[in-house]
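**Student:** Listed below are the residues making up each chain.
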Amino acid sequence: MGEAIVITSGKGGVGKTTTSANIGTALALQGKRVCLIDTDIGLRNLDVVMGLENRIIYDLVDVIQGRCKIHQALVKDKRFDDKLYLLPAAQTTDKNAVEPEQMKKLVDELKQDYDYIIIDCPAGIEQGYKNAVAGADKAIVVTTPEVSAVRDADRIIGLIEKEEHVESPKLVINRIRSHMMKNGDMLDVDEITTHLSIDLIGIVADDDEVIRASNHGEPIVMNPNSKASIAYRNIARRILGESVPLQQLDTQDKGMFSKIKRFFGVR
Amino acid sequence: MNKTQNVTIKGTKDGLTLHLDDTCSFDELKKELDRKLSNSSRVQEEDKLLTVKVTVGNRYLDAKQQEELKDLIRRKRNLIVEDIETNVLTREEVQQLKSENEVVSMARVIRSGQVIEVEGDLLLIGDVNPGGTVKAGGNIFIMGTLKGIAHAGCNGNAEAVIAASVMKPSQLRISEFISRSPDQNEDDGRIMECAYVSGDSQIIVDRLQVLMNKRPNLARFEGGR
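Line by line, the protein sequences are chains A and B.
In terms of the numbering used here, the first sequence has 168 at position 168, counting the first letter as 1, and numbering is strictly consecutive.
In terms of the numbering used here, the second sequence has 73 at position 73, counting the first letter as 1, and numbering is strictly consecutive.
Heads up, some of the hints might be wrong.
As the list claims (entries may be wrong) - Here are the simulated DSS-like cross-link-like pairs (lysine-lysine), alpha carbons at most 25 Å apart as the crow flies:
1. B:Lys10 x B:Lys70
2. B:Lys70 x B:Lys31
3. B:Lys214 x B:Lys135
4. B:Lys135 x A:Lys162
5. B:Lys53 x B:Lys70
6. A:Lys182 x B:Lys168
Stated by the list, open to error - With the Cβ distance kept under 10 Å, some of the chain A side facing chain B (calculated, not the full set):
7. Ile125
8. Gly158
9. Glu161
10. His195
As the list claims (entries may be wrong) - Sample of chain B residues with no beta-carbon within 10 Å of chain A, all distances over it, derived:
11. Ser38
12. Gln171
13. Ser198
14. Leu208
Just so you know, the hints here were simulated from the structure itself, not pulled from any lab data.
Idealized CB from N, CA, C, for every residue including glycine.
Can you build the whole structure from these sequences, using the hints too?
**Tutor:** This is the structure in C-alpha cells:
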C-alpha cells in the first residue's frame, strides 16, 4: 500500500509542476514505483515537463467517466524501466468534470500498485484543489521567497490542516536566489519557516538549468550535477525517511581568500 | 375567601417595587395587577413619570409576557417599568452569559483566510498571520505574533483591549473603532503591547503595563496574598 502526496501552493507559477515531476522522478531513481497524477484539468503541463505529451491516449477524465481502464490511461516513462508512470489530465474539459469522491477512489486504487502517488495540484483553492487533495495522505506546499507566494502558502496550509485525512503539510521553498537572500532583498528561509510554522522538507535554488531541462521534457533530477537536481534528490530522500542536512546555497566563493573574508564577516 | 395577595406594591428608598407572586397563573396575575393599579388610584394629576421595578420571583417570563406586563403597567398609571427581575433563566440565556464571560483558550496558528470568533475573551497561544482574523466579544490576548487583524469587543464593547506578545497587526479594531499600521512599517514589531480605546475615541497602542491603570476591571481575581 503506497502513499499519496499532493504538491500544492495556492499561488500559480511557483513551481508545483516542476516540483512534482522532479520529486516523482527522484523517487523513481531511488527504485520506488511512482505514479504521477496531473489534476490540472484543462491546463495540463506535467506531461510536457516529463516529455510524455506525445504518448497520451486516454486521460484522467476518461478514467473517471469510465471510458477506459486505469492501466490504459497510464503513460509509462521508458527511461525508468517500469518505475514511473503518469496519469495525464484532460485538456478538453475543465475541473468540474471530476468530483473529489471519484478522485479519492481513483487514488485509493492506484495506491495498491504504487509506492508513491504524486498528485500535481492546480493553482487556486477551488474545485481543482479539492479534487487534488481528496485522495492525499500527505501534502507538500511549495512557495517561493516572495511575500505574495508565502501569503498564499499560508492560506493553503490552513485549508490542508482542515482536511483530516492529510498529515500536517511539509514545506518546499523554491527559486531561492542566495545573493538576494543574503542582501535581505528576499525573505530568508528561517523567516518563511517560522512564519508558516510547518516543517521544511527542502530548499531549491533558482537554477537556469531547471527551465532548460523542462523545455526538453527531461526533469532536472536526471542531470546529477546541477544544484537544483541535488535539492530535489534530497527532498526525495527525506520523503523516504532519511535525514539529509539542508543544502548550502552560497557555494560561489570557493577560494581561500573568500573563506577568510567570510570568517571576518566581509561579504 | 381570604386569598393572599398576588401583587404587592412596596416603596423603597430606590423607588417603587411591584412584587408579583410566582404561584398563581399569569392570567390571574394580570387581572389582579390591572385591578390593583386601577382602584388604588389616588388621582395624580401631575404628569410626573415614575419608574418602578418589577420582581417576579421564580416565575419565568418570555419576551412576549414581559412586554405584556410592561404594557399593562404603563397604560394604567404614569409608571414606567425600569427592570423586570426574575430568579429564573433559561438554559440558552445561561449558556449565552457563560460564553460571554469565559476565556476561550486556543493553541494554533490563525492563517490567511481563517476567521476565529468567540463570544467572550480569547486567549490565543500562537500567531495570527497576515490575512487571518480573530474576533472576540471581549478582550483578545495573543501569546504569539499578531500580524493579521484583531477585533476586540466586536459586539460594541469599547472597553475591550487587545494584548499581544509581538504586536505588528495589519489592523486593530475595538468595538467600531479601527486603526491600521502605517504603510511603511519596517520595524520588527514591538513586544508585550496592548491596545485600547482612549477617552477621545482613538485606539492607543502602549506598553502592556499601562493596562492595569487604564482597565482596572480586567482583574477578576480577588484575594491572594
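**Student:** Which earlier hints can't be squared with this structure?
**Tutor:** none
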